[in-house]
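Q: Position chain W relative to chain C; hints supplied.
What follows is each chain in one-letter form.
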Amino acid sequence: EAQVTQNPRYLITVTGKKLTVTCSQNMNHEYMSWYRQDPGLGLRQIYYSMNVEVTDKGDVPEGYKVSRKEKRNFPLILESPSPNQTSLYFCASSPGGRQPQHFGDGTRLSIL
Amino acid sequence: QKEVEQNSGPLSVPEGAIASLNCTYSDRVSQSFFWYRQYSGKSPELIMSIYSNGDKEDGRFTAQLNKASQYVSLLIRDSQPSDSATYLCAVNPNTGNQFYFGTGTSLTVIP
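For the record, the sequence lines run as chains C and W.
-10 is the number of the first residue of the first sequence in the working numbering; add one for each residue after it.
-17 is the number of the first residue of the second sequence in the working numbering; add one for each residue after it.
One or more hints might be untrue.
Unchecked claim - The calculated label-pair distances, taken between Cβ atoms and stated as ranges, are:
| id | chain 1 | residue 1 | chain 2 | residue 2 | range |
| --- | --- | --- | --- | --- | --- |
| 1 | W | E(-3) | C | E51 | 41 to 47 Å |
| 2 | W | Y53 | C | L77 | 26 to 32 Å |
| 3 | C | G52 | W | S22 | 23 to 29 Å |
Keep in mind that the hints were calculated from the coordinates and are not lab data.
The C-beta atom is built at its ideal place from N, Cα and C for all residues, glycine as well.
Excised from the complex, chain W in its bound form:
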């Protein structure tokens, strides 16, 4: 079983819609969770970090963490064509300082 799993997509949403990206992880005691965006040919850039259960909002982005169910999600409201990218979920297990990334979900926002 992979440490972090994401639906690879592709996920397509119309401009202005809500995009919902999901990630599950295997280490029940993981403490730190991150969402990165990666444009084609570029390096990953941080969108959100979340450390406790519940929702965390930053502009059009909302990260949701449910440790009991071992999933973390990212909602993008009012999706824009510029949001078209691959979104990577990363988890830092409680047992060390290693990071595990999912394989990413490709999002396309259709104008």
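Just chain C, same shape as in the assembly:
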């Protein structure tokens, strides 16, 4: 089954404790992306990647890091999380840029 898998689905943590949200897709997609969704602000793109070792900033990259060492994986790293990063995060992938994206189930992060 074609899917984008995110882990964990839920996480409650404390300020400053480094965390990683993993994202993996099994569709051999070249394009992968991370979004955060906040009430009233909608979906905002954090980072995206056109292919292995190619990443670019989206609209709200501050406080986040990503890497794309393998085509199927695109982890999101919060090196020093802060409460304003409490949000619902989605990973998505597509065959290429400018094409429809397939979303993962989401990760709800709460940073205290």
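A: Just chain W, lined up with the frame of chain C:
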């Protein structure tokens, strides 16, 4: 000015009616446009993509694109209670591979 704007609603229509959802965008040279549906607590799922001016139909859904006026709309014919969700408009500007989403329009179809 936001890149993509949608009326947040809520929009309520009776079952069987046509629901009309609208979206405007700021980048005149945008090329790719998408409508996603998001049920409460779920991830967005693609309904339609449209790339050229005019109408594109898929079952009960019709996407309409007018690049001169910088708007894209989604019509849902014969609306069903199962269509009750938030509808997200997404735009990919011509200048790169970034995506911009509107804040979504909440639709309720009343049985």
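Q: Does each hint fit the structure? Answer for all of them.
A: Results of checking the hints against the structure:
no.: 1; hint: W/E(-3) to C/E51: 41 to 47 Å; result: holds (45 Å)
no.: 2; hint: W/Y53 to C/L77: 26 to 32 Å; result: holds (28 Å)
no.: 3; hint: C/G52 to W/S22: 23 to 29 Å; result: holds (27 Å)
Violation of the numbered hints given earlier is absent; every hint is satisfied by the structure.
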